[in-house]
Every structure is written in C-alpha cells, then in structure tokens.
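Starting from the given sequences, assemble the full structure and let the hints guide the process.
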Amino acid sequence: MKPNRLGALVALVLTMAILPACGDEDAVPPGSITGQVELDDGASPEGSEVTLVDTGDTFTLDEDGRFTFEDVKPGTYGLSVLVSGYEPLLQEVQVESAKVASAHFTLKRVRSQVSGTIQLEGATTHEGVTVSLRDTSFTTTTDAAGHFVLEGVPTGAYTLEVSREGYDSRLTVVALTSEPEEVTLTLKRKASLSISGVIILQDTLDSSGVRVVLQGTSHIAFTLNEYGSFALMDVAPGVYTLEASKQGYVSTSEEVTVEEGKTAYVVLSLDLVPSGAGLRH
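With positions in the sequence shown counted from 1, the corresponding number in our numbering is that position plus 758.
Note that these hints are calculated values from the structure, not bench results.
Careful, some of the hints might be misleading.
[To be verified] In silico BS3-like links for lysine-lysine, alpha-carbon gap of 25 Å or less:
1. Lys857 x Lys831
2. Lys946 x Lys1020
3. Lys948 x Lys1020
Right, here's the structure in full:
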C-alpha cells in the first residue's frame, strides 16, 4: 500500500504543476480591433476588404467603411486596405488584452493625366480648342500648336470632348490608369453654306439642270429641282464671278461677294437663245 500511495502523491504533484502552466496562456483575454476606412473623394468603400496581415483574416467594409476584428490575441499586427482606384495603405496596430485597438485609414485616389495634340483642318494655328472630360470639372484649351494637358484626373474611363466654333466636335473614350494617356485628334471644318439662290429658265416651269460655276475655282453646282435652287459650300471669303449656263439658253453671270460666316444669295434668269443664233454653254 505504501508504494501506491507514494505514486499517487507524485502524480498529483505533477498534475498541479502542469495545470497552472497551461491555464496561464489560456487565461489571457483577447483584444479586438475596430476602425474605419474613408476615401479622400467622399466615395463609399463598401464591399472592399481590410486584411489582418499576420493572420490572413479579412473583413468586408460596410457602407460607412467600418470594420471590426474580434478575439485577437495581444500583439502587434499589420492592417492592409485595398480599394480599387485608390492608393493601398498598410498600418500597424497594437492589440492589448481585453482592450479595443482602433485604426483609421484615409485612402487617396490614384490620379493620372491625359495630354495630346488637337489639329484644326486647314488652319495655321490650333489655339483655342476646348478639351474637356464630360461630367467632370476638368477642362482646358489648346495652345497655338494644339497641345493640351489635363492633370490630377482620378483614374477611370471618361469621354473626352473636343470642340471649337466652326469645326465638327469630336468625342473619344479614354481609360486613365496610373500611366499618362495621350490623344491626337483632327477637327474637320464644318461645311458652311456660302452661296445659295435660284436660276430661272424663262420659257419653262422646270428650272432644273442649270450648271452654276464660280469662275476661277473648283466650285460647281447644278440646279436639282424645278424651282432652280442651287448651293455652293465652303467657299473662301472673296469676290467672285458666278456664271449660270444651260444648253439652249444664253449664259449669264453676276459678281458675288462671299463673307466669313454669311451666305450670299443670288437670283438669275436665263433666256432662250434667239432662233438662228449660236448656242452658248
């Protein structure tokens, strides 16, 4: 009986020595981490994740960007935040037993720039073209060489609009990343009505088919309807002689002055070639 009592006593002593050692570690209460993620442009980070780097645990942000990690053992941890289109952040946080550690992040939007050259068709200077990103406040104008730069633009897809009075506007989509984007475009001059009018054939109700020529130029038109209407487009400012002719009729001409931004109006009538006279074309 004595040896058994001695063995039992030894076992009891060993058990008492081991139990406190195990219990000391388990008895340290965990802490927690709470915080908020904000974006510098006021957008919501909802759906993005905060990661407790040392454990791999993640938390999906709510609409206000708040997050919480519970039951975190005391120690130093790294917290990382990734939100698409914003600069990532890594922050260290110290967790103490039974206490709440707090962390706050403000992420800056990744910004880029778009630049390039806008040419005006037929122009010697390309200054004054308006270049803007639709639905934003980013806008500028080109210099004499047609150069422009829009800086500090948040990354993303935009519609670039280019316009100048007297030219057809252009739209193009640009996808801005962290790398600068370059754009080269040419604006075509708007077709302008320079000279219009009617040519009347005296002996008929159908005045179509009359040939209208602006002498000294390549501008030619024909009357296309019974009323004798015609139009000449994109004639440079100046003084010209306009001639109307049709086989069987006496050709006639008139001096016409073309001014920038205005339409000159001409009315002419053609008489039949007298019987027995030579025909003019």
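Results of checking the hints against the structure:
no.: 1; hint: Lys857 x Lys831; in the structure: 11 Å, holds
no.: 2; hint: Lys946 x Lys1020; in the structure: 19 Å, holds
no.: 3; hint: Lys948 x Lys1020; in the structure: 14 Å, holds
The earlier numbered hints are all upheld by this structure, with none contradicted.
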